[in-house]
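Spelled out, the chains give:
Protein chains: 2
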Amino acid sequence: MITKANRLQHVKEYYFSTKLREVRQLIAQGKPVINIGIGSPDLDPPMAVSRALQQTLEKNHIHGYQSYQGIPELRNAIAHFYQRHYNVTVHPENEILPLMGSKEGIMHISMAFLNPGDEVLIPNPGYPTYTSVTNLLGAVPVYYDLVEENNWFPDLEKLSKTNLSKVKMMWINYPHMPTGSKPTKKLFEQLIIFAKQHQVLLINDNPYSFILNDTPKSILEINGAKEVALELNSLSKTFNMAGWRVGMLLGSQEHITTVLQVKSNMDSGMFYGIQQGAIAALKSDINWFVNVNAVYKKRREIAFSIAEALHCTYDKDTAGLFVWAKLPKGKKATAVTDELLYTYNVFLAPGTVFGSNGEGYIRISLCVPEETLAQVLKRLTK
Amino acid sequence: MITKANRLQHVKEYYFSTKLREVRQLIAQGKPVINIGIGSPDLDPPMAVSRALQQTLEKNHIHGYQSYQGIPELRNAIAHFYQRHYNVTVHPENEILPLMGSKEGIMHISMAFLNPGDEVLIPNPGYPTYTSVTNLLGAVPVYYDLVEENNWFPDLEKLSKTNLSKVKMMWINYPHMPTGSKPTKKLFEQLIIFAKQHQVLLINDNPYSFILNDTPKSILEINGAKEVALELNSLSKTFNMAGWRVGMLLGSQEHITTVLQVKSNMDSGMFYGIQQGAIAALKSDINWFVNVNAVYKKRREIAFSIAEALHCTYDKDTAGLFVWAKLPKGKKATAVTDELLYTYNVFLAPGTVFGSNGEGYIRISLCVPEETLAQVLKRLTK
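Chains A and B, in that order, are what the protein sequence lines are. The opening position of the first sequence corresponds to residue 1 in this note's numbering, with each subsequent residue numbered one higher. The opening position of the second sequence corresponds to residue 1 in this note's numbering, with each subsequent residue numbered one higher.
Simulated from the structure, these hints should not be mistaken for lab results. It is possible that some hints are incorrect.
The list treats identical chains as one, so a pair stands whether inside a single copy or across any two.
Straight-line distance between alpha carbons at most 30 Å, and here's what the computed DSSO-like set of lysine-lysine pairs gives [claimed, not checked]: (1) K166 <-> K12; (2) K59 <-> K298; (3) K59 <-> K31; (4) K332 <-> K12.
When you get a sec, could you build the whole thing from the sequences and use the hints?
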């Protein structure tokens with residue numbers, strides 16, 4: 001066997017893959033495990049999405065290579081979507097890059113801007129892929145604290161006093177996963193000032209803004225944001241299309257062109273039918289959002305009751321696909337989730353999956369039907 | 001603007017993107033340019049492919065995240081395909097990794113095994129992406145010569161006498177693009193011996209084996225090949241599905257697991273409907289290959305005549321989507337292709353796109369209808 005690259009020494013197996021293997025084993029042993037740990041939407045996309053894909057299959061010449069930048073209609077649809085929902089103007093010709101999922105975008109952006117040794121500000125708690133991609137490229141993750149007392153916002157004043165000379169990039173993700181914390185305009189303004197002051201590329205990973213949130217916000221709505229900021233977005237959560245792999249990157253022409261240089265050397269354009277499905281989704285009317293959120297609201301009520309059954313406290317005014325619940329003082333996250341798994345056959349995510357500041361918290365997914373959540377509640381309260 | 005990563009300093013814009021932009025400009029100016037430069041199949045996939053995708057859209061729960069390793073049915077279909085067509089046994093559970101296109105695989109493999117400074121043996125002439133991915137990761141391309149006198153095979157004896165101490169990987173691509181040279185069992189055997197002797201990971205990029213070739217071969221048919229070799233394959237050319245982005249990697253469990261470690265940190269599983277389309281393609285019966293090749297054979301006859309009209313010589317016994325033609329002595333490849341573009345409004349690829357050993361050659365694509373090739377011939381001979 002040929003030895004693997006050093007960069008893989010830092011990459012651990014994702015907690016979820018290890019744990020989900022265990023869950024599968026338990027199920028194979030006959031345990032009736034209910035999984036409320038994962039954020040993969042179970043609802044269907046808008047009807048028009050599959051129909052649009054289906055219609056392309058009747059056309060000719062849809063099977064060949066597609067442009068790295070996607071078809072112009074897709075970039076136009078993204079531009080309209082940003083105008084309509086975020087009141088942000090992005091030029092469809094050169095300020096939008098469709099991606100095969102926003103996860104892929106994390107690698108593309110990191111390859112475009114990071115040299116080995118560069119430091120990257122990463123939220124703790126936060127999405128683990130920011131760390132693993134940074135490590136894969138030999139750059140250095142520098143975690144910034146998010147704490148409940150500060151609404152899970154970064155303390156930029158404190159951060160400014162640290163040595164930021166090697167920092168090249170900063171990941172933010174508002175509405176925030178796993179806490180559900182919603183951004184304010186002031187937060188975004190301060191982040192842009194911070195990024196300009198320290199010449200840091202600020203990337204807002206923004207897949208959750210339409211889930212349980214009436215006021216979607218984009219970092220690009222701040223004046224002059226494009227000088228230092230990029231935004232990643234995705235259809236996965238907004239339109240229940242996680243498996244379709246449609247993401248997008250938005251920002252200045254210069255930054256987008258740099259990322260395109262990477263992308264054109266490592267992947268190809270998106271399947272034509274998927275692009276047409278994405279266009280149909282982006283054109284959804286306001287009822288789509290209302291209806292999806294009505295489902296999530298009902299589920300969340302039960303998730304709140306589950307949190308209460310576990311003697312947790314929680315914030316009701318959050319966005320996204322999860323309830324983030326604080327355990328009673330002294331309880332350890334993995335101890336609680338393991339106990340739930342082994343005693344009640346219920347799997348949910350310990351907060352520590354997302355970093356040390358997740359200690360003392362658990363994350364309950366809203367991606368399962370009401371009946372399933374009710375069943376969990378029954379198990380915990382009987 | 002935030003400065004780009006150093007790795008992008010080595011990455012030039014792909015010759016084709018620059019040139020195709022020029023072609024588009026000429027067309028916009030009213031020039032009737034015919035493009036026979038690009039290898040994107042124009043024919044349709046098997047009928048069953050779109051039908052299979054269409055049928056999935058009627059099912060529920062097909063829109064969520066998919067496993068990084070693809071559904072078991074896809075891996076089974078790939079294993080059967082390899083058994084049936086190459087007489088190679090690969091275990092569907094752990095020796096197959098479906099990919100979103102084999103181009104993506106070049107990056108995945110390189111990230112999995114290359115450290116900065118490692119050397120990579122790359123064919124000259126050859127597919128430019130091997131070089132750009134190597135450069136993106138700070139590894140060092142070391143070109144090995146392929147020349148017509150040696151049937152475009154590497155001179156392994158000569159190569160063994162060079163300093164290979166820093167070489168970690170070697171790209172081969174048989175049937176070879178751009179020359180169409182077909183591999184022999186002896187060549188593959190010698191390559192495996194060479195790879196074992198020098199502890200080099202050998203990767204055969206094998207997308208062309210079913211095009212104008214009755215004897216598809218895999219590097220994995222050599223005894224003990226899996227110890228040092230991987231094979232990349234793709235549905236793009238075999239089933240005219242370039243836009244679908246379906247590739248696959250085959251090799252030992254250890255090597256596949258290492259690549260999966262990279263993949264799981266940078267992308268996600270393939271859309272369920274695309275996987276079902278891929279399965280339908282892989283199950284195609286032998287008539288599929290016969291019929292597609294009948295079309296390419298007719299086209300190739302005209303391409304041969306085009307080569308003759310340009311006073312070129314060529315090998316008739318080649319595989320793949322191109323005719324690789326040798327210009328009359330003293331003629332420069334780009335001088336000829338530019339003259340063809342500006343005088344006859346015909347765009348084709350100069351051999352130098354693929355490396356210095358492509359000087360004195362041109363590449364004619366078979367991915368256009370007979371009538372189009374006939375039109376080119378008419379322009380050149382009238």
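Hints and how they fare:
Within a single copy, K166 and K12 get their C-alpha atoms as close as 25 Å, and across copies as close as 27 Å, so both meet the 30 Å cut-off. In this assembly of identical chains, the alpha carbons of K59 and K298 lie at most 30 Å apart only when taken from different copies (25 Å versus 41 Å within one copy). In this homomeric assembly, K59 and K31 come within 30 Å of each other (Cα to Cα) only across copies, at 27 Å, whereas the closest approach inside a single copy is 48 Å. Taking the shortest alpha-carbon separations for K332 and K12, only the intra-copy value of 22 Å comes in at or below 30 Å, while the best inter-copy value is 52 Å.
Comparing the model with each numbered hint stated earlier shows that all of them hold.
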